[in-house]
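Visitor: Respectively, the protein sequence lines represent chains A and B.
At position 45 of the first sequence the residue is numbered 35 (the numbering used here), and the sequence of numbers has no breaks.
Count along the second sequence from 1, add 403, and you get the number used in the numbering used here.
I should point out that these hints are in silico values taken from the structure, not numbers from a laboratory.
Just to be clear, a hint being listed does not mean it is correct.
What the hints assert, rightly or not - So the derived list for chain A, only partly shown, Cβ under 8 Å to chain B, looks like this:
#	residue
1	V113
2	R117
3	H122
4	L125
5	I142
6	T171
7	R175
8	Y177
9	A180
10	D300
11	P301
12	S302
13	N305
14	K306
It should be emphasised that the depicted structure is a prediction, and the values quoted were computed from it without experimental measurement.
The beta-carbon is built from N, C-alpha and C at its ideal position, and this holds for glycine as well.
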Amino acid sequence: MIPQPKQMTGAEMVIQALKDHDVEHIFGYPGGAVLPIYDALFAANDLVHVLVRHEQGAIHAAEGYARSTGKCGVALVTSGPGATNAVTGLADALLDSIPLVVLTGQVATHLIGTDAFQECDTVGITRPCTKHNWLVKDIADLPRILHEAFQIATTGRPGPVVVDIPKDIQFKTGGYIGPETVVHRTYRPAYEPDMQAIEQAVKMMANAKRPIFYTGGGIINAGPKASEALRELVELTGFPVTSTLMGLGAYPASGDKWLGMLGMHGTYEANNAMHDCDLMICLGARFDDRVTGRMDAFSPGSKKIHLDIDPSQINKNVRIDLPIIADAGRAIEAMVKEWKFRDYKADRSALGEWWEQITRWRAKRCLEYRGSNELIKPQYAIDRLYQLTKGRDVYITTEVGQHQMWAAQRFHFDEPNRWMTSGGLGTMGYGLPAAMGVQMAHPDSLVIDIAGEGSVQMTMQEMSTAVQYNLPIKIFILNNRYLGMVRQWQQLLHGGRYSHSYSETLPDFVKLADAFGCVGIRATHPDELDAAINKMIDVKRPVLFDCVVDQTENCYPMIPSGAAHNEMLLCDADDHAVSDAGKLLV
Amino acid sequence: MAEAQMTIPKIERHTFAVLVDNEAGVLARVVGLFSGRGYNIESLTVAEVDPTEHTSRITIVTSGTPEILEQIRAQIGRLVPVHRVVDWTVDKPSIAREMALVKVAGIGEKRVEALRIADAFRARPVDTTHTSFVFEITGSPDKISNFVELMQPLGLVEISRTGVVAISRGPDPM
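Turn these sequences into a full structure, and let the hints guide you.
Guide: In structure tokens form, the structure reads like this:
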């Protein structure tokens, strides 16, 4: 006998579905069109709701939560402005493949299309910035849609989804079915690799003379086992590894095969190795324009293997010789197995020469900078932060700009899921709320947002949330009073005309911390930095750390716009003539 | 690779068939994908083809370089409600047809000539007054364009075209 579906209201179905999908934390903001769901939430003692101060904060917090746990992030916002405020976070999660289920309230079905109060076309507005979205028009569809939402957000290439639920549907009663009964009609992501492709790929690897692994966020998304498999594959082959911004931590930065990050602010050795390699093995990355530099000069002499779970990434920006459509973990495990099964040995003498070349590139010591006894150099601040937190259970988020690139270059990650940053969309204001989400999931860990004073003001209001929920996040602000990356580009590309990139006025971050009810710390001299950082680490409360740094330091190395991987600038003194075509690029 | 990008890109015209779940907003997803990623739509037709399974079939004529066309296919394929995507220009032999209603107004010799040409194109008048015809014509898009061109000097008033529908030759489904 088929059990009768349990009768409940739409609002109760939402709570039940969250429980059925093992959701423990949600980030949200109430409003008229979600009041029935908030009413149902009132009785749900095993669901922790975090009241943010702005819906963008809810989405970024859910992103940080998801990225640091591998679970789905969940947010709940109201109709109209609640939904539109969530849009930046949705676009961010889509570009960085972060699994999110975002529930939005909507005006009652009979009011849709009447320009009702707090009405907007949420599914229309969020269609291009979600993996999928739904407007629920019938209570009978609600449980199925909720389960499909979790399935689509978390499987295949993960991404954000929106379920838009009109207020009358939240009140209506219907039969609730569990997740196990739902089979999607069309959605079938590929997981298992084609074994012929794996065999061919591994054979190409065994014959390679100048190979490189180019890894990305897909390995992080595939779970910790994928990172383990990568480490084994690297050990077996002895090939060098570089990673995108999103993939940091999949291979340990302390590993001897590690070349550092690649791309616009990647290392000299990683970019030159990408340019000169004869076999590029791209694992879960997508040939983003930040990574490739000038496309027609991108790694001209190499064969390219591309592993991705999303078929649309193959041949999108770069022609691929061998595509593999699969889950990164399963495919890399299959490569390891195949390498062992065939008892392949890498070409030792060729690989030895390749590593000698890499050693010569490394000798450039491209991350070195001119130190100072008077001013805190931003690089020095990151180095000290890394050294003083080393060995601790630490998670790092960032905002967007110079500080983000310095953090990516200099804060070394040995594990996946420890690094949360807005890579694809480049969302200033991501790091502070993301840190809240991380801290919610890891209450005893040290969670630090490496920030700039520009970015952090975009979502600064969330400090109030951190205080309310006793989230001891550390906001480490590299304060140079400039929108540093904008200033750097104005220096390099626009003749030093610093148009509107200097903040004449800034809040006193220490007083601001006091106003929020958290702890403010300031360091202005290199001599006081260590003690200040240690104080920050020891405080078990949220901290705003105002690290006053050199105002005009630039982030190097750098591939200037429109240049190739082997045309890097290492310091201000390097010639940086940028072509007219390059100036058009962002 | 480097050379391929130096040469002038070759623009091709392809016809895609997309079988989708007939759910709310599915057409907007497909159309939004084209506008959002800067692809062209030359024509688009859509209608439900299976009322019990609630599937609709969208036929899109688009143009671009081979690389762009490959991306279009992959991007459509990853939309959640899409069952299948077929590129009729490369996958298998197919036939494509379009229908048009063409209004021509005139009297005397021009009117007689319009009717004569319509007969040669197997276009049939579906509305007739003393001073006008509306012709219904079916055929390949080129045939319709030729017909329209010939009607131009004979008092062409307006045209309504359906856009292309296509299907594979032989017994097999898409």
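Visitor: Hints numbered earlier in the text: which of these fail when held up against the supplied structure?
Guide: 6, 9
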